[in-house]
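Given these sequences and hints, build the entire structure.
Listed here are the chains, written in short residue letters.
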Amino acid sequence: MSTAPADRDNLADLVEKAKAGDLGAFEQLVAHYQDRVYNYVLRMVHDPVEAQDVAQETFLRAYQGLPRFRGAASFQTWLYRIASNLAIDAARSRKRRGLGLVSIDEPLEGQDEEEMGRDLADESGHGPLDEAMRQELQREVWRAVGELSDRLRPVVVLSDLQGLSYQEVADILGCPVGTVKSRLFNARNQLREKLRDRLATEPMVVGGTESS
Amino acid sequence: MRCSKFRRLVVLAEETEIRLRWEIALREHGEECPDCRQFAEEMEAVRRLLVVQRPAAVPAGFTREVMARVRESRRRSARPRMSRYLRRPARRGALAYGLATAALVVVLVGATLLLRGGSFGELLGTAGPGAAVVAHSLPSGGEAVPELLQQLALAHREHAADHCFTHCCVPPCACAKVGVGGLCVHG
Chain D
1 MSTAPADRDN LADLVEKAKA GDLGAFEQLV AHYQDRVYNY VLRMVHDPVE
51 AQDVAQETFL RAYQGLPRFR GAASFQTWLY RIASNLAIDA ARSRKRRGLG
101 LVSIDEPLEG QDEEEMGRDL ADESGHGPLD EAMRQELQRE VWRAVGELSD
151 RLRPVVVLSD LQGLSYQEVA DILGCPVGTV KSRLFNARNQ LREKLRDRLA
201 TEPMVVGGTE SS
Chain U
1 MRCSKFRRLV VLAEETEIRL RWEIALREHG EECPDCRQFA EEMEAVRRLL
51 VVQRPAAVPA GFTREVMARV RESRRRSARP RMSRYLRRPA RRGALAYGLA
101 TAALVVVLVG ATLLLRGGSF GELLGTAGPG AAVVAHSLPS GGEAVPELLQ
151 QLALAHREHA ADHCFTHCCV PPCACAKVGV GGLCVHG
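Chains as they are written, first to last, in my numbering: chain D, 1 to 212; chain U, 1 to 187.
A hint or two may mislead.
Said to hold, decoys possible - Here's a subset of chain D near chain U, in silico, CB distances under 8 Å, partners left out:
| hint | residue |
| --- | --- |
| 1 | Ala31 |
| 2 | Leu161 |
| 3 | Leu191 |
What the hints assert, rightly or not - Far from chain D by the CB rule (all over 12 Å, computed), these chain U residues:
| hint | residue |
| --- | --- |
| 4 | Met1 |
| 5 | Ala45 |
| 6 | Arg91 |
| 7 | Gly98 |
As the list claims (entries may be wrong) - With a cut-off of at most 30 Å between alpha-carbon atoms, the simulated DSS-like pairs for lysine-lysine come out as follows:
| hint | chain 1 | residue 1 | chain 2 | residue 2 |
| --- | --- | --- | --- | --- |
| 8 | D | Lys19 | D | Lys95 |
| 9 | U | Lys5 | D | Lys194 |
| 10 | U | Lys5 | D | Lys19 |
| 11 | D | Lys194 | D | Lys95 |
| 12 | D | Lys194 | D | Lys181 |
Since the hints were derived computationally from the structure, they do not count as laboratory data. Where is the CB? At the ideal position from N, CA and C, for every residue including glycine.
This is how it looks when you write it as structure tokens:
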């Protein structure tokens, strides 16, 4: 998720233009950050439909708050901060309404499971059976992450799933780096407890290859 | 090294600056403690499971929908403030209610004065302790103050003495109930 220096300059230029009211520049920023923001929100709220709404709201709030953005933090950090607050609120609202987790591996509208399985198998270069096992394992990981508390889930999603550094995670969540490390330890430990049976009995399928 | 310290180091394993320290600790303590070695392997397995989670595809048309919401937001904020304020039916209703109430109070007070044929001071005198009318601060020059204002000042002092000295002794009155002619009404 790191950005090359030339890209950073280009993004900084886009941010300045967007602050000046250039909608085209803001649209480019949306296109650049949409994957990160959507995936982060999706991991937090566990519902593709709600994640789409929250992610769109994130960019809308970012646009409305642009005049107040002074550049003390990076635009990405600021965007994640907005997304984090909205996603946590949405996740809490879902819990209050008694809504469960929705698997992100379920077929999208208009696509059946068989077609999706074929697509994924072709993409990974492995047979459908290995791919099915990998998907099942990922679903379990997905469920376990969803069961983490609102305090721990953002840390593991931002650090391990989004690939941000400890400092970036600390800036986004507004806490010290030491707190990030501590929460990450607790989060991974809880995941280890939840997934212990799978870790013991199933070979790890990592990137399509088995690890010892 | 104690097991608790060793396990805490597990989360720092990927930091390059302590990589060497971690490798030494793993080797030494891991050889001594099978439980910690298994703990470290499981934590590393969890981390690998997380980092290989495939990102989901952004729904088609996402950017287009975001920009549509942004443009709509700009259109709404560009409308005149007053009309935007009054656009909500609830606010229009509240404003109409307030104006109607104020008009009714003026009519009632005027009608009372006409019917009773007395002065405003007499009206003050008929008000019981539950509905005393008190005046805001008054000028100190007595001769230049009309008789009505003198009566109001007297009523104010009497009221303040036995009812509401906290609010009324220090003009302007701190209460928020403003009635006719800028006089506050303590109920």
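Results for each hint:
1. Interface hint at Ala31 of chain D: satisfied, since its Cβ lies 5 Å from the closest Cβ of chain U, which is below the 8 Å cut-off.
2. Given the 8 Å rule on beta carbons, the hint for Leu161 of chain D holds: about 6 Å separates it from the nearest Cβ of chain U.
3. For Leu191 of chain D, the interface hint holds, the least distance from its beta-carbon to any beta-carbon of chain U being 5 Å, beneath 8 Å.
4. Every C-beta of chain D lies more than 12 Å from that of Met1 of chain U, the closest at about 16 Å, which supports listing it as non-interface.
5. Once the 12 Å rule is applied to beta carbons, Ala45 of chain U is inconsistent with being away from chain D; the minimum gap is 5 Å.
6. Consistency note on Arg91 of chain U: stated as away from chain D, and its beta-carbon is indeed over 12 Å from all of that chain's, at 22 Å minimum.
7. For Gly98 of chain U, the shortest C-beta to C-beta distance to chain D comes to about 31 Å, beyond the 12 Å cut-off, and the non-interface label holds.
8. Under the criterion of a C-alpha separation no larger than 30 Å, the hint pairing Lys19 of chain D with Lys95 of chain D is inconsistent with the structure, at around 36 Å.
9. Annotation: proposed proximity of Lys5 of chain U to Lys194 of chain D holds, straight-line Cα distance about 23 Å (limit 30 Å).
10. About 48 Å separates the Cα atoms of Lys5 of chain U and Lys19 of chain D, which puts this hinted pair outside 30 Å; it is violated.
11. Distance check on the hinted pair: Lys194 of chain D and Lys95 of chain D sit about 20 Å apart at the alpha-carbon level, within 30 Å; holds.
12. At roughly 20 Å between alpha-carbon atoms, Lys194 of chain D and Lys181 of chain D fall within 30 Å of each other, so this suggested pair holds.
In the structure shown, a violation is registered for the earlier hints numbered 5, 8, 10, in ascending order.
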